[in-house]
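Chemist: Going by my numbering, the final residue of the sequence shown carries number 131, and the count climbs one at a time with no gaps.
By construction, these hints were calculated from the structure, which means they are not laboratory data.
Certain hints may be false.
What the hints assert, rightly or not - Pairwise CB distance ranges, derived in the manner of DEER restraints:
| id | residue 1 | residue 2 | range |
| --- | --- | --- | --- |
| 1 | 48 | 130 | 16 to 26 Å |
| 2 | 119 | 69 | 31 to 41 Å |
| 3 | 96 | 59 | 28 to 38 Å |
Unchecked claim - For lysine to any residue, the following SDA-like pairs were computed, each having C-alpha atoms within a straight-line distance of at most 20 Å:
| id | residue 1 | residue 2 |
| --- | --- | --- |
| 4 | 125 | 84 |
| 5 | 48 | 64 |
| 6 | 125 | 65 |
| 7 | 100 | 58 |
| 8 | 130 | 48 |
| 9 | 48 | 30 |
| 10 | 48 | 70 |
| 11 | 48 | 115 |
| 12 | 125 | 66 |
| 13 | 130 | 105 |
Where a beta carbon is used, it is the ideal one built from N, C-alpha and C, also for glycine.
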Amino acid sequence: MQVKVVTSVVAGQETVATKAVQVFIDALSEQLGQDYTFSLDTDYGESLTQGDSDVYLVYFGSQANLTAAQKAKMIIFYSDEDVDNLQIGRFVDMLKQLNSKK
């Protein structure tokens with residue numbers, strides 16, 4: 030399963046530090062194993078227009094910026110609190126459920 034993690038920039042500032050998001054991705058990848066491929070999209074929205082991933086983890090504060098076509102993608106929102114505290118349990122559960130339905 031291809032999972033794209035999308036960050037956002039507001040007024041020139043990263044909403045969540047790329048380094049912190051990479052630690053979050055590494056923790057998810059370790060829990061989920063080789064059936065999942067994670068990649069980071071720091072060019073917010075670019076990967077949502079390409080549609081090459083099965084699911085997108087998108088920063089929660091960015092939802093207002095999504096177009097209707099982007100909102101139609103399989104999106105799971107995360108917050109900076111999830112990243113800062115490495116709260117990955119619900120994401121692991123959701124991704125496992127989605128992968129079993131494929």
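Chemist: Quickly compare the C-alpha distance for residue 100 and residue 58 to 20 Å and report which way the hint goes.
Modeler: violated, 24 Å
Chemist: Could you grab the alpha-carbon distance between residue 48 and residue 70 and see if it respects the 20 Å cut-off?
Modeler: Roughly 13 Å separates the two Cα atoms, so the pair holds.
Chemist: Are residue 125 and residue 66 close enough, with their CA atoms no more than 20 Å apart?
Modeler: The hint holds at about 13 Å.
Chemist: Does the structure keep residue 130 and residue 48 at a Cα separation of 20 Å or less?
Modeler: With a Cα-Cα distance of about 32 Å, the restraint between residue 130 and residue 48 is violated, given a limit of 20 Å.
Chemist: Would the hint linking residue 130 and residue 105 be met if the CA-CA limit is 20 Å?
Modeler: holds, 16 Å
Chemist: Straight-line Cα separation of residue 48 and residue 64 no greater than 20 Å?
Modeler: Not OK: residue 48 and residue 64 at ~23 Å, beyond 20 Å, violated.
Chemist: Would the pair residue 48 and residue 115 pass a check requiring their Cα atoms to be no farther apart than 20 Å?
Modeler: holds, 13 Å
Chemist: Assess, step by step, whether the Cα of residue 125 is no farther than 20 Å from the Cα of residue 84, and give holds or violated.
Modeler: holds, 12 Å
Chemist: Holds or violated: are the alpha carbons of residue 48 and residue 30 at most 20 Å from each other?
Modeler: Violated. Residue 48 to residue 30 sits at ~23 Å, over the 20 Å cutoff.
Chemist: Take a look at whether the Cβ-Cβ distance between residue 48 and residue 130 falls inside 16 to 26 Å.
Modeler: violated, 33 Å
Chemist: Given the hint that residue 125 pairs with residue 65, does the C-alpha gap stay at or below 20 Å?
Modeler: holds, 9 Å
Chemist: Is the gap between the beta carbons of residue 96 and residue 59 within 28 to 38 Å?
Modeler: At 33 Å between Cβs, range holds.
Of the numbered hints listed earlier, those contradicted by the structure are 1, 2, 5, 7, 8 and 9.
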